Amino acid sequence: MTRRYSALSLFKEGLAGQTGWKQAWRSPEPKLSYDAIIIGGGGHGLATAYYLAKNHGITRVAVLEKGWIGGGNTGRNTTVVRSNYYYPESVELYGLAHRLYEGLSKDLNYNVMLSQRGMVNLCHSTAEMEIGARTVNAMQINGIDAELFSPEDVRRVAPVYNFSPDARFPVFGGIWQGRAGTARHDAVAWGYARAASRLGVDIIQNCEITDFITEGGRCRGVQTTRGAIRADRIGLAVAGHSSVLAAKAGFRLPINSYALQACVSEPVKPILDTVVLSPGCGVYVSQSDKGEIVIGGGLDRIPSYAQRGNLPTLESVIAGLLEMFPIFGQLKLMRQWAGIVDVVPDSSPIIGPSPLPNLFLNCGWGTGGFKAIPAGGTLLANLLATGKHNDISRPFDLDRFAAGRLIDEAAGSGIAH
Amino acid sequence: MQLFPCPFCGPRDETEFHYGGDAGNARPDGADVPTDRWAGYLYRRGNPKGTAREIWVHMSCGEFFVMERDTVTHMVLSSTALGGEHAA
Ligand SMILES: Cc1cc2nc3c(=O)[nH]c(=O)nc-3n(C[C@H](O)[C@H](O)[C@H](O)COP(=O)(O)OP(=O)(O)OC[C@H]3O[C@@H](n4cnc5c(N)ncnc54)[C@H](O)[C@@H]3O)c2cc1C
Ligand SMILES: [Zn+2]
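Order-wise, the sequence lines are chains A and B.
Each step along the first sequence adds one to the number in full-length UniProt numbering, with nothing skipped, and position 367 is 367.
Each step along the second sequence adds one to the number in full-length UniProt numbering, with nothing skipped, and position 56 is 56.
Since the hints were derived computationally from the structure, they do not count as laboratory data.
These numbers were taken from a predicted model, which means no experiment stands behind them.
Think about it this way: if two alpha-carbon atoms lie no more than 27 Å apart in a straight line, the pair counts; the simulated BS3-like pairs of lysine-lysine are:
| no. | chain 1 | residue 1 | chain 2 | residue 2 |
| --- | --- | --- | --- | --- |
| 1 | A | Lys31 | A | Lys54 |
| 2 | A | Lys22 | A | Lys106 |
| 3 | A | Lys248 | B | Lys49 |
| 4 | A | Lys106 | A | Lys54 |
| 5 | A | Lys106 | A | Lys12 |
| 6 | B | Lys49 | A | Lys66 |
All chains should be modelled from the sequences, with the hints used to inform the complete structure.
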């Protein structure tokens, strides 16, 4: 029976006709009670379960997912991993995630295919270059790798960009993060699921939370489509559906849900070896390991729970892409899709206790929470285990909206909010 | 491409409209409004899945109005001028 992935296990299974592999995670029946329940089997929920078990020794844990794990935004994103944020609070958060990503394949014994191919945020005017220099300075002071790129540097990493003299968005330079890149999104969900399951966590799919059980003003469990399940510590990590569950728990969040869409072209030979983001064109793009051009852009214009994305936004994204790379005009689009993301006024996540005691929040990641999964999991696990913030999660508490201490990362979040 | 009904101009392309927030989110009044009330007004949203009552502006004519809309199907249920006299 092969449980650990290694060169030797691969070899043995090759000889045995691949018949001995164990399923990656167990699918047990839900128990009546747990020490902790996590609502939402996306990357953040699964990572929370893993770190609860690994860092805090709490293993009587259930992850409850209404669909299938990783079927939400974690399986729908454009897989960019980076930590090029502006404010120190964000740098602590995304920097932690980035460092954990760098050791994740080894930690989970699961290849998450982190590819640190670098990322450039383009500047299209002298004014944008000045902002770029300021951002690079901030990143360097905060201990994040960053470099101010000249037009020649950009040409070196992205030679197929439109450098012609009459380009609508000429390149004046860019903000470069060499450690940025991509990771395989499904693998992140599956890797955490497998590692958490091996530590005893119950992963329960097709189990929708329909209500909360409250007693004495505290949350004591959840009602689900598979019956009532009780716990005194409950974590909420449902991304675009945070407001829906908050309403059941009796409070409102500073969140609007929007569709964010992406699309991929047919696969072609390697042509783009880095991630390129152009704020002017409202587009970011990379090439997948399969050869597809992966294209992302800004939010849809209308608050929405319709998981498909609307046409005007797709048109402007494609128009922007062709300004950047006229050469891509020949490509066929293979697929287009959308995810429902939870957008917060300051473009920073919400991590901390909720207004309902025993219920803790991990939400508001909006368009950019894939890169943050290891940190979001670590911090929600810490909150569930100790009931308290640590220094990294404290600034992201819900109370920042009443206190006026916003962390306005509209620029660092990368894409128009 | 979806058409949205402006109560003044009739059905127009969705790109002519801009979303303006929850309807009925009244600005608190007075000198001693508690911070939590301000935070509620400024930041907290209903964000319902299903029927929503929202403020929209038709950017072509500049009018603000209330649109009732299903946030899952995007079906428009009603569109009313803020004064309530026109309906489309
Ligand atoms: C098109 C697109 C591109 C993106 N690109 C990037 C990128 O390049 N880089 C980046 O860092 N981020 C990106 N993001 C954002 C990123 O995908 C999300 O921030 C991140 O995946 C959020 O993870 P999560 O675990 O919080 O949510 P999800 O992965 O959405 O998981 C939440 C889960 O909760 C479940 N759920 C909801 N309601 C209930 C209920 N009542 N009961 C039980 N379960 C429930 C859902 O089914 C879902 O599986 C992108 C997002 C999209 C849509
Ligand atoms: Zn009008």
